[in-house]
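What follows is the residue order along each chain.
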Amino acid sequence: DTEVTQTPKHLVMGMTNKKSLKCEQHMGHRAMYWYKQKAKKPPELMFVYSYEKLSINESVPSRFSPECPNSSLLNLHLHALQPEDSALYLCASSQVLTGSTYTQYFGPGTRLTVL
Amino acid sequence: SQKIEQNSEALNIQEGKTATLTCNYTNYSPAYLQWYRQDPGRGPVFLLLIRENEKEKRKERLKVTFDTTLKQSLFHITASQPADSATYLCARPYNYGQNFVFGPGTRLSVLP
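Chains A and B are the protein sequences, given in the same order. Going by the numbering used here, the first sequence opens with residue 1, and the numbers climb by one from there. Going by the numbering used here, the second sequence opens with residue 1, and the numbers climb by one from there.
Next comes chain B alone, as it looks inside the complex (with noise of 0.2 Å):
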């Protein structure tokens, strides 16, 4: 079976710094990894998909690699702010890409 980790469950960091979170994959690589934001209470919001011929992916503060060698994603957030704040979510697909598989989430918390 597809599984996805994400490296830890929570995560404080400081207003101002980097926050780098780690998703991991088992099995074959995807074709491409998400990832999601989630506010409590609320539905993911997806955020950016990179796919797995891609390094690099960047949209204003955030960033994402994939890393097929190592299995890995990560995703930064530069110059983090309290509204950063919520649960980051790494999908990946499977069955042809119908459906998703999600990690356990991260919960961020931006102090200020």
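So here's chain A without its partners, still in its complex pose (with noise of 0.2 Å):
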């Protein structure tokens, strides 16, 4: 199995909403990432987890929080969002192994609608 799943596939909330975004993978990878990306742009690294623990957090606001509540599930909790939030948001996952490569894994992402 190397598929990583999200849900749901499309999201609108308004800006006092509370959501949350899914990410589920069954590839015993241990590195999951979150990315935003909007139209006509490359993807943008939001958040790193390895082994289940933050490691990379890429300045992104406070009203994003993101969870790995085990080593196969991310979530992205999403709080007072702005319109400009809209875009295409990527889960991602590889293996972490010291010295070798990293292939990401991504997902087919969920569409965000900022009212």
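Just so you know, not all the hints are guaranteed correct.
Result set (EDC-like, lysine to aspartate or glutamate): computed pairs, CA atoms no more than 20 Å apart in a straight line [claimed, not checked]:
| hint | chain 1 | residue 1 | chain 2 | residue 2 |
| --- | --- | --- | --- | --- |
| 1 | A | K38 | B | E54 |
| 2 | B | K3 | A | E44 |
| 3 | A | K36 | B | D39 |
| 4 | A | K40 | B | D39 |
| 5 | A | K38 | B | E5 |
| 6 | A | K41 | B | E9 |
| 7 | A | K41 | B | D67 |
| 8 | A | K40 | B | E5 |
| 9 | A | K38 | B | D67 |
| 10 | B | K3 | A | E67 |
| 11 | A | K40 | B | D84 |
| 12 | A | K9 | B | D84 |
| 13 | A | K18 | A | E67 |
| 14 | A | K41 | B | E54 |
| 15 | A | K40 | B | E9 |
| 16 | A | K18 | A | E84 |
| 17 | A | K9 | A | D85 |
Beyond 12 Å from chain A on every Cβ pair, some chain B residues (computed) [said to hold, decoys possible]:
| hint | residue |
| --- | --- |
| 18 | Q6 |
| 19 | N24 |
| 20 | N27 |
| 21 | D39 |
| 22 | R61 |
| 23 | L62 |
| 24 | H76 |
| 25 | D84 |
Note that these hints are calculated values from the structure, not bench results. Idealized CB from N, CA, C, for every residue including glycine.
Make one complex out of these two single chains by using the hints.
Rendered as structure tokens:
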């Protein structure tokens, strides 16, 4: 199974709502990532979890709150978002092997619209 | 900071021709470069990885080269088909390989 799944596929929320994005993988990968992608732009890294611990936060506003409950699941909690946060949110996973290469497997993404 | 540039935002070619996409990087050579394909509204899909000590890598109709002197990788699709139409992203690792920075992508259109 080389699949990363994300739910929901689409999400529309108001600026006062609280919602969560979910990501799951069963490849035994111990690194998981959240990316944000705007239209016609490349993915931009938001967070990296390694062995269920947050290892990288690329200066993301606190209205985005990641969580890694176990090695297969990754959540992104959303609160008080702005319209400019509307984007495709991508989850990815990879093995964590020192001195090796890190091919990332991406999910299909959640299309988020903030009204 | 590590930057990746891809030579053109969009590339149109005729079916059956070879598409060549360019990826240029700055600063030190990465240990490897990766190429991904992304269809509209979908996540990127890994295609090929080439290490800095490899000159060339092939997979079916795909070929990637890595020139550390020019700080450049070329991505070729031979005998292109309309189904190859997509955005192709180049990516380099940083932070000991845990992170990647992606190039802006080249949107390839193969015309029948």
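Hints and how they fare:
1. A:K38 - B:E54: Outside the cut-off at roughly 33 Å; violated.
2. B:K3 - A:E44: Holds: K3 (chain B) and E44 (chain A) sit about 13 Å apart, inside 20 Å.
3. A:K36 - B:D39: The given pair, whose Cα atoms are some 16 Å apart, holds under the 20 Å limit.
4. A:K40 - B:D39: Satisfied, since the Cα-Cα distance of roughly 11 Å is no more than 20 Å.
5. A:K38 - B:E5: 18 Å, holds
6. A:K41 - B:E9: 10 Å, holds
7. A:K41 - B:D67: 26 Å, violated
8. A:K40 - B:E5: 14 Å, holds
9. A:K38 - B:D67: This hinted pair is violated, its Cα atoms lying about 30 Å apart.
10. B:K3 - A:E67: With a Cα-Cα distance of about 29 Å, the restraint between K3 (chain B) and E67 (chain A) is violated, given a limit of 20 Å.
11. A:K40 - B:D84: Between K40 (chain A) and D84 (chain B) the Cα gap is close to 18 Å, so the pair holds against 20 Å.
12. A:K9 - B:D84: This hinted pair is violated, its Cα atoms lying about 24 Å apart.
13. A:K18 - A:E67: 15 Å, holds
14. A:K41 - B:E54: 29 Å, violated
15. A:K40 - B:E9: Since the Cα atoms of K40 (chain A) and E9 (chain B) sit roughly 9 Å apart, the hinted pair holds (cutoff 20 Å).
16. A:K18 - A:E84: 16 Å, holds
17. A:K9 - A:D85: 16 Å, holds
18. Q6: The claim breaks: Q6 (chain B) does not keep its Cβ more than 12 Å from every Cβ of chain A (closest is about 9 Å).
19. N24: 14 Å, holds
20. N27: 18 Å, holds
21. D39: D39 (chain B) not clear of chain A: closest Cβ-Cβ about 10 Å, inside 12 Å.
22. R61: R61 (chain B) is indeed farther than 12 Å from all Cβ atoms of chain A, at 20 Å.
23. L62: Its Cβ never comes within 12 Å of chain A, the nearest being 15 Å, so this holds.
24. H76: 20 Å, holds
25. D84: Non-interface label stands for D84 (chain B): nearest chain A Cβ at 19 Å, farther than 12 Å.
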